[in-house]
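Use the sequences and the hints to build the structure in full.
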Amino acid sequence: MYQTTYHRASSVDEAASLFGKSSEAKFLAGGQTLLPVMKQRLASPSDVIDLGKIRELQGVELSGDTLTIKAATTYHDIMQNADVKKAIPAIVHLTSVLGDPAVRYRGTIGGSIANNDPAADYPAALLALGATVKTNKRSIAADDFFKGLFTTALEDGEIITAISFPVPAKAGYEKMRHPASRFALTGVFVAQTKAGEVRVAATGASQSGVMRVGAIEAALKSNWSPSAIDNVSISANGLLADIHGTAEYRANLVKVLAQRAVAAAG
Amino acid sequence: MGVEGIGARVVRKEDKRFITGKGRYVDDIKLQGMTHAHFIRSPHAHAKVKGIDSSAALKMPGVVAVLTGQEIVNDKVGNLICGWAITSKDGSPMKMGAWPAMAPETVRFVGQAVAVVIADSKNLARDAAEAVVVDYEELPAVADVHAAIKAGAPQLHPEAPGNQVYDWVLGDEAAVDAAFAKAANVVKLDVTNNRLAPNAMEPRAAIADYDAAEEHFTLYTTSQNPHVARLVLSAFYNIAPEHKLRVIAPDVGGGFGSKIFIYPEEMVALWASKKVGRPVKWTGDRTEAFLTDAHGRDHVTHAEMAFDASNKITGFKVKTYANFGAYMSLFSSSVPTYLYATLLSGQYNIPAIHAEVIGVYTNTTPVDAYRGAGRPEASYLVERLMETAARQLKVDPAALRRANFITQFPHQTPVIMAYDTGDFNASLDAAMKAIDYAGFPARKAQAKSQGKLRGIGVSCYIEACGIAPSKAVGSLGAGVGLWESAEVRVNPVGTIEILTGSHSHGQGHETTFCQLVADRLGVPISQVSIVHGDTDKVQFGMGTYGSRSAAVGLTAILKAMEKMESKAKKIAAHALEASEADIVIENGEFKVTGTDKAIALPMVALAAYTAHNLPDGMEPGLKESAFYDPSNFTFPAGAYICELEVDAGTGKTTFVNFVAADDFGRLINPMIVEGQVHGGLAQGIGQALLEHAIYDANGQPVTASFMDYAMPRAEDLPSFNLSHTTTLCPGNPLGIKGCGEAGAIGASAAVINAITDAIGKNNLEMPATPDRVWRTIHAA
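Residue numbers (the numbering used here), protein chains in the order written: chain A, 26 to 291; chain B, 2 to 781.
FYI, nobody ran anything at the bench for these hints, they're computed from the structure. Incorrect hints may have been included.
In silico SDA-like cross-links for lysine to any residue, where the CA-CA straight-line distance does not exceed 25 Å [stated by the list, open to error]:
(1) A:246 to B:650
(2) A:64 to B:28
(3) B:653 to A:266
(4) B:123 to A:69
(5) A:64 to B:712
(6) B:123 to A:58
Following this line, the structure appears as C-alpha cells:
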C-alpha cells in the first residue's frame, strides 16, 4: 500500500467537504474492494475518507410500502434486520449468499452499488425492485444509476446516503456463486411490483454489467410462473465469458436462475 | 493401549499455540538490523533481459542494495539442481536447462526473479522495486505440452532440443503388444490431470543472517526438510560448508510438498545477507506463491487397457506427457516416472504394463511433488479407466474391480513395485456397505423422479509411501538416501526429549511421536517433548514428505528407544540387584517381573547422570540415537465411493455421501489420521471440482489469486464417512503404512466416476466445473 491520509468523517457534510479539499480522495465504506486494491498498489488515493462511522448513514427504516436502507449499513446488519426480513425477504436471501461471513460483517450496500462490479449482487436487487438511490445531492432511479462496468451516475464527490425500495408483491433471487470469488457467476433477481409490473435483472452475465432481461419480463408479465420462461431464449451475445463460465453457460443460467427465482418468490 | 499410547485419540499438544496465535513462523522472527528483500519478477513468460537500470532505486530512502542475476552468477552461486537423474529410452541423461537463482539473461516464466531490492523495510523495498527499470525483449512463449513439442515451437533451453526433458519408458512393451494382439476387448481413455497450485496457508519465507566474524550463516526458512536444504545449499549452491550453515525450519504452516524444494529466494537471501552485511528477510505474498511455488500434476495421457473374454486385464499401455514448466525443480523428474508409472498396476493383477513418459519444458511455473506426487495421477488414470471399462463391458464397476484384484501377497507388479500386504476386497466391502451400494439403483430412480441426476463412483487406490529403501531409490537415480534418524534424550530428572529428522508442518508429530514414548514407557506425554527443524539441534535427517514420517521417522524413534530402554534396564537391574532379563517397563517404572521391586524412570535417569553406581564399564548418560532405513515402500490402499447429484439445469454437483475405507496399517492417533484423510480428500475433491492453475497460450497465468483460483471451502465438501480396514505393514515393526496423501490420491477419480455416472457421459475433464458439466450434459 502506498502512503495515504486517512480521515474518519463524522457527517456526510464533513465527508463531502474533506473530499473537496483533497487532490485524489476516495470514499471508504466497508473497504471490501478499495482496501484490497490499495494493498495491491492498484489504487493510490491521496486521501481516504471513511464513511463507515457516520451515524446518519446507518440503519433501516420501513415506512408504509417503502423500505429504506442507509448506505453504510453492513450486509450483516441488513440480513439481521427485522424490517428487511418482513418487507423484502429476497434481499435477506441475496445478502446471505453474498461473499462470506467476513465480507458480510464489513461490506456495505452503498459500497457495493457505488463500485458497481459487474458481478455484484446488490445491483440486481436495485434494478429489479426499481429502487431509488439517494445521495447528498439528489435521488437517482436504479434504471439511471448503473452505467456499465464499474460505472455509475454518481458525480465526483457525490455520496450515496440511502437506497429506498418499493416493497414488492413478490421477489426472488437465485445465484450461481463464482467458485473462487463468491461474486455472482450469474445471479437473477425477479420482482413483481404491487402495481403488477414485472422487473427482472441479471448480474454477472453481461459485459455491460447488471442488466434488465426484457424477454423474461415479458414472459412473466403474462404468466408469473417458472414454466412461463420455458420457451424464452437468451442470447449469449454480449455476455461475459471466462475460465469459470462460457457466454452460452451464462445465457443458460439467466434463464434457469430466473425460473428458480420465480419459484422461490412464490 | 494406554490413554495416551498408540491408538489413543489424544488431543494435539501443538494446537494450544496454534489456536491461540502463539505459533512462531519465519515471518514472526525479527533480527537486529534486519533488512527486507523484494524481488523484481518478470511479467513476461519468455524474454531476454537486455538491461537493468537501478540508479533511481538506489537513491531512494532506505535502499541498501539492488542485486541482479548477473551478480549472483558472477559470485558463482550454483544453478538450481534436480536431484533425481532420469535416463531416456535412448540411454541419454535428462536434459537440464540451466536455472540460475535470478535470471541474468533469459526469463522463462512469469514470476521468475531478475533482481532483488534490499531495503530497511518491506514497503521501502517495494517502492524502490517500482523504480528499477528492466529492459526486456519479449520472446515467443509456449505453455501447453502439445504445443511445446511441435516443430517450430518456441525453444526454452539450448540444452533441451524440442523442449524435451526426457522420453522415459518402463515395462515390457513386447509383452504388452502380445496381450493387446490377443485381447477380447480394448478400452481406451484420454485424460488430463489438471495443474494445481499447492497453496499452503503460510506463504514461503526466509531470513538469512550472515555472521562475518564466524563466517557462518543462519537460515530460517519454511522447509519440510531443513537438513536436505542445508545439504543442497552447501554441496551444490556454494553458499557455505555445512558446519557454517545452520538451517532452522520453525513452525511451518503447511507444505503439501511445495516446501520440500530449495527455492531461489532462500539462495538469494543467504547470498545477499553476506553482501550487505545485515540479515535479509523475504516473506512471499499470495501472488508470489501462485507464481513461484512449485505447481503439481499437469499430465496429458493416452491409455489403453486390454481385457480377455472373462474381463480379466491382460495388458496396459500408457503414454503420458508431463509438463515440467520452465525448469526442473528439485525432485520433479521422479514424479511422473518412479512415483507414477510404478503405481500403474493399481490394485489389480496386470500381467503386462508399458509406460512411456515424455517430460516437456514450457514457459510456466516449475512443477514438482504436490500431495501424492505422481500417485494421484496414476490412481486417477487407472480408476477412470476401470470405470470406463465397466461401462464399455457393461459390468458392475465394483465387480470388475473385484475380478481383477490382487489377492495374494507379496505381489510383484510388472512395474518395479512389490506389494507387501493388503486386503483390497476388505476395503471395498467396507466402503460398499457404508454407502449401501446395493441400494443405489433405487436411490437413483428416486432422485430421477424428482428431476435429479444421481451418480455413484468407485475409486480403489493404492500408493507407495515412505519412499525407500535407500539402496533401491539410489539404483533408480535418487540423489539422496531415504532413511530417517532419531535421538532419544532422557534428562537427569526423567523427562524425555525426542529429536527427529522428520519435520512437522501440520501433521501433529508433537503429539503422535510422544504417544509412542507413552506407549513404551507408560509416562504421560506431557513429560515428552519433540525437537525438530533445526540442523544445529538435530542430527542429519531427511524430513517429511511422501507420508513417511510415521512409517520411517517414528520407526527410527522406536529404534533409538529400544537402545535407550536396553541401557536403562541394565541400570535398573543393577540398582534392584536383579537380572536384566527380569526387568519390565510399566507405568513409568522399571519392575522386577513377578515381584513388587521397582525403580521409577526418574531414578534410573538420575543414576545414569550421577554415575555414582552404574554397572561396571557403563558410560554415564541416557541418550541413544538411531538411523532407520526401511526394507521396502509401504503400500496404503483403500476404497472410496462417492454418491452425488448433478443439477442438469446448472451443471452443479452436490454430494450425497462420500465414504472412505482406508488401510493405513497401524494407526497411532485415529483422530489425527482422520484429519489427514479429511484434508487429503478436500484436496482430491478440490482437484476434481474446483482447482486449476491455468495459463493462456502465451504463458500468462490466469489464476494467480484466490479471486480466480478456486480453493475448496468447507461448504464445497460433504461430511466424510471414514472407516479403516487394517493389514499391518510387514516392513516396519510398528506395522504403519502412512496416511498423509491417500485422500488426495483416491478422491478425484471417485468424484469424476460419480459425475459421469450421473450424467451418462464418460468423457469429462477435471475440474468438473458446473459450466463444463452442463456443456457435457448438453453436448450432442
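Going down the list of hints, with the structure as the test:
1. A:246 to B:650: This hinted pair holds, its Cα atoms lying about 23 Å apart.
2. A:64 to B:28: Judged against 25 Å, a Cα distance of about 18 Å means the pair holds.
3. B:653 to A:266: holds (18 Å)
4. B:123 to A:69: This hinted pair holds, its Cα atoms lying about 17 Å apart.
5. A:64 to B:712: holds (21 Å)
6. B:123 to A:58: Distance of about 23 Å is within 25 Å: holds.
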